[in-house]
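K.L.:
Work out the full structure, taking the sequences as your base and the hints as a guide.
So the sequence lines, in the order shown, correspond to chains A and B.
Quick note on UniProt numbering: the first sequence kicks off at 1 and runs consecutively.
Quick note on UniProt numbering: the second sequence kicks off at 1 and runs consecutively.
In case anyone wonders, no lab produced these hints; they're calculated from the structure.
Owing to the predicted nature of the structure, the values given are computational and were not obtained by experimental measurement.
Take these hints with a grain of salt, some might be off.
[Said to hold, decoys possible] Subject to a maximum C-alpha distance of 27 Å in a straight line, what follows is the list of computed BS3-like cross-link-like pairs (lysine-lysine):
#, chain 1, residue 1, chain 2, residue 2
1, A, Lys-15, B, Lys-70
2, A, Lys-181, B, Lys-42
3, B, Lys-148, A, Lys-15
4, A, Lys-168, A, Lys-101
5, B, Lys-32, A, Lys-85
6, A, Lys-16, B, Lys-148
7, A, Lys-12, B, Lys-148
8, B, Lys-159, B, Lys-70
9, B, Lys-148, A, Lys-123
10, B, Lys-154, A, Lys-87
11, B, Lys-215, B, Lys-70
12, A, Lys-133, B, Lys-148
13, A, Lys-85, B, Lys-148
14, A, Lys-133, B, Lys-141
15, B, Lys-148, A, Lys-87
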Amino acid sequence: QVSELVQFLLVKDQKKIPIKRADILKNVIREYRDAYSEIVNKAGRTLQEVFGLQLVEIDTKRHTYILINNLRRAEGEYLCRDKEKEKMGLLLVILSFIFMKGNSVKDSALWEFLHLLRVYPGKQHRVFGDVRKLVMEEFVRQKYLETTPIPLTDPPEFKYQWGPRAEKETSKKDVLTFVAKIQGKDPTFWASQYSEAGA
Amino acid sequence: NTVMAAQMTNAHRRFLQVLMSNGITEGSEARKLHQHCCETDKVYYAHDKLDDFISTINSHLQPLFMQIRKGISEDDGRAYYAVVNLAETEVTKMASDYSEIELELFRKTMDLIILSENGFASSTDILNLADQLKTKKMKKKEAEQVLKVFVEDKWLSEKNGEYTLHTRCIIEMEQYILSNYQDVARKCNICHSLAIQSQVCESCGIGMHLPCVRKYFRAQTEPRCPKCNEFWSCDIP
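P.N.:
Written out as structure tokens, the structure is:
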């Protein structure tokens, strides 16, 4: 059972879509419902021990899980499937922007910022293709970003924050370091972000 | 040849993660990766110990019915590594990535390839199959697109409009193919692994991989079948 669950989780997580407890029960655990916790815990330990992946429950109400990488991303890492590297680059820039702006930005502000990088929501990007879809759908579905509607706005506006996967896979400290590097300044330059990052 | 169940280190885990994400990794790339992982995670590195390194990982993968397996490419004779699922469940990895109808097309294409003389199925034959699928008919344009995806994802490889199984597919599905196509699937007479593309002896019918043929006949003045000793009629690659 445990090995089946491990394989199930690996396959599902390949697409970075969160895994629902209901799916686990239906497809893997089936008649062993009573042993659910035990099986999940064992699977989690196996994933850590053998693959260096951590099973994290990101929604304790709806019981959804993701796998995050325990291993530090190394320089020049080979994980370059399907424009992964470029997408992660864009994501890091977006996460940085959100953090530096106080952890929440309006979608209009985000797109204004991306304009500066010649990334436009309406236009097909040479590398990213449909950027609007990438940011608003793919990154949100993968739990890297979280989007919530701003009440009483017409036309409806949204705000963007870090999603639970971003919280687990990177840190405010890493992001601040990244921004500091790009701007050629010391991270302490941004006092409030620096203290928030707990650096 | 016993291997002590050595501990997994982060270097092993990193290596495994990258292998899984690559789908298939060529031999020299795997060696470079071995070095990269050991250096990144500060683990003792010996350049000739890749096999032991992999064995350690495999000893931990075994209870999960998984394994890092080495296979030889039928095209260039080079070694490739892939992480395979040993449980007898059919095409497990593919099952989550493709729809029911795409899987049916793949299985039928695989039938054509394995039953063929030379290990290839022409695109025309495959497109004709698309028309006869049980799940639902597939239009030619759609089938062409699906074939393209199979090639991109390294399940099939294409040469001059003809399709054969990619090395990755052969490594991952060797057991499945050997058990499900028992009477038809050919094994190479030299290395005893599954042979999809092969040269066949006209007299006794044994088959050999092209790289195996090349190696076997390299030292011989007159190529003769290793089994029946008749003159080998195919062109030595």
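K.L.:
None of the hints should be skipped; say for each whether it holds.
P.N.:
Taking the hints in turn, this is what the structure says about them:
1. A/Lys-15 with B/Lys-70: With a Cα-Cα distance of about 26 Å, the restraint between A/Lys-15 and B/Lys-70 holds, given a limit of 27 Å.
2. A/Lys-181 with B/Lys-42: 26 Å, holds
3. B/Lys-148 with A/Lys-15: Status holds; Cα separation ~20 Å.
4. A/Lys-168 with A/Lys-101: 20 Å, holds
5. B/Lys-32 with A/Lys-85: Since the Cα atoms of B/Lys-32 and A/Lys-85 sit roughly 20 Å apart, the hinted pair holds (cutoff 27 Å).
6. A/Lys-16 with B/Lys-148: 23 Å, holds
7. A/Lys-12 with B/Lys-148: Holds, because 23 Å separates the two Cα atoms, which is no more than 27 Å.
8. B/Lys-159 with B/Lys-70: 24 Å, holds
9. B/Lys-148 with A/Lys-123: Cα-Cα ~26 Å, so holds.
10. B/Lys-154 with A/Lys-87: 22 Å, holds
11. B/Lys-215 with B/Lys-70: 19 Å, holds
12. A/Lys-133 with B/Lys-148: 23 Å, holds
13. A/Lys-85 with B/Lys-148: Holds, at roughly 23 Å.
14. A/Lys-133 with B/Lys-141: Satisfied, since the Cα-Cα distance of roughly 25 Å is no more than 27 Å.
15. B/Lys-148 with A/Lys-87: This hinted pair holds, its Cα atoms lying about 23 Å apart.
No hint from the list above goes unmet by this structure.
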